[in-house]
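Top line first, the protein sequences correspond to chains A and B.
Just so it is clear: in the first sequence, position 50 is 50 by our numbering, and no numbers are missing.
Just so it is clear: in the second sequence, position 15 is 15 by our numbering, and no numbers are missing.
I should point out that these hints are in silico values taken from the structure, not numbers from a laboratory.
Treat each hint with caution, since some may be false.
[Stated by the list, open to error] Here are the simulated lysine to any residue pairs, SDA-like style, with alpha carbons at most 20 angstroms apart:
1) B:Lys73 x A:Leu63
2) B:Lys65 x A:Phe51
3) B:Lys63 x A:Asp10
4) B:Lys73 x A:Met56
5) B:Lys44 x A:Gly9
6) B:Lys73 x A:Pro59
7) B:Lys73 x A:Asp57
8) B:Lys44 x A:Met56
9) B:Lys44 x A:Asp10
10) B:Lys44 x A:Leu63
11) B:Lys65 x A:Gly9
12) B:Lys44 x A:Pro59
13) B:Lys73 x A:Asp10
Remember, it's a predicted structure, so these values are computed and weren't measured experimentally.
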Amino acid sequence: MRTKVTSAGDGGVDIKLDPALRELLASLASQLTDLIDDPEAADSPALARLFPPASMDDPLETLGFEQLMGEALRAGKRESAAVVRATANATHLSPEETLAWMRCLNDIRLVVGTRLSIEEDTDVEALFQDPLTEQAALIYTALTELVGMLSLAADPR
Amino acid sequence: MTSAPTTTREPDLGRDVEPDVPWIVIVWNDPINLMTYVTWVFQKLFGYPRAKAEQLMWDVHTKGKAVVANGPKERCEAHVAALHGYGLWATFQQDR
Numbered sequence: 001m002r003t004k005v006t007s008a009g010d011g012g013v014d015i016k017l018d019p020a021l022r023e024l025l026a027s028l029a030s031q032l033t034d035l036i037d038d039p040e041a042a043d044s045p046a047l048a049r050l051f052p053p054a055s056m057d058d059p060l061e062t063l064g065f066e067q068l069m070g071e072a073l074r075a076g077k078r079e080s081a082a083v084v085r086a087t088a089n090a091t092h093l094s095p096e097e098t099l100a101w102m103r104c105l106n107d108i109r110l111v112v113g114t115r116l117s118i119e120e121d122t123d124v125e126a127l128f129q130d131p132l133t134e135q136a137a138l139i140y141t142a143l144t145e146l147v148g149m150l151s152l153a154a155d156p157r
Numbered sequence: 001m002t003s004a005p006t007t008t009r010e011p012d013l014g015r016d017v018e019p020d021v022p023w024i025v026i027v028w029n030d031p032i033n034l035m036t037y038v039t040w041v042f043q044k045l046f047g048y049p050r051a052k053a054e055q056l057m058w059d060v061h062t063k064g065k066a067v068v069a070n071g072p073k074e075r076c077e078a079h080v081a082a083l084h085g086y087g088l089w090a091t092f093q094q095d096r
């Protein structure tokens, strides 16, 4: 089934997706929550990408921001992931659910992209040829398509 | 997009930073976030019209960064938190 995302009248979207991809998205959303809550992963590049320093050159500001906002940010990402798991089989997403999908799928894309060491000039096609990166590259490409479609179909107001 | 206006700044009382220097929010280019997604986030978060959001996205993409908001420290912190919530790479600093 070809992926299709269209604007719905209520500000949300209608979404057509392969059932296998829906299952994968629910599983990836669970894995994202596990990663956020994994103390062993605290220093990983993927988490550093999800929670970047808030100041470029002032570690104290970064620390203060983390103390002030860190838990709310983690909670927000967990919440979006929970919405994706709960609505993985939905053919219509409300505006709030659409927002959660965009945030969560983009977060997963950031994690997968970071693990693939994606740079501006990375040839994603070439990653398909390597058995070590093939599966992650397929997921990354599917997420690229889906996040792109959601960004075009969802109403930003 | 390199300097922020200083005329809209609100009074900034009782803090130990230079009180006359406004704070700015910077979004940095990254190789993963999609242009369409970044544009959408700027529209959603700041209520910018599509054209302005797209221009900001292009500034980020071609110049490596763009100032997307300015104001009192607390408001800039809240903007950075919201941008991190969307997975954008944002920082805040005083506009020295």
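Quick rundown of the hints versus the structure:
| no. | hint | verdict |
| --- | --- | --- |
| 1 | B:Lys73 x A:Leu63 | holds, 15 angstroms |
| 2 | B:Lys65 x A:Phe51 | holds, 18 angstroms |
| 3 | B:Lys63 x A:Asp10 | violated, 37 angstroms |
| 4 | B:Lys73 x A:Met56 | holds, 15 angstroms |
| 5 | B:Lys44 x A:Gly9 | holds, 18 angstroms |
| 6 | B:Lys73 x A:Pro59 | holds, 16 angstroms |
| 7 | B:Lys73 x A:Asp57 | holds, 16 angstroms |
| 8 | B:Lys44 x A:Met56 | violated, 25 angstroms |
| 9 | B:Lys44 x A:Asp10 | holds, 16 angstroms |
| 10 | B:Lys44 x A:Leu63 | violated, 27 angstroms |
| 11 | B:Lys65 x A:Gly9 | violated, 35 angstroms |
| 12 | B:Lys44 x A:Pro59 | violated, 29 angstroms |
| 13 | B:Lys73 x A:Asp10 | violated, 36 angstroms |
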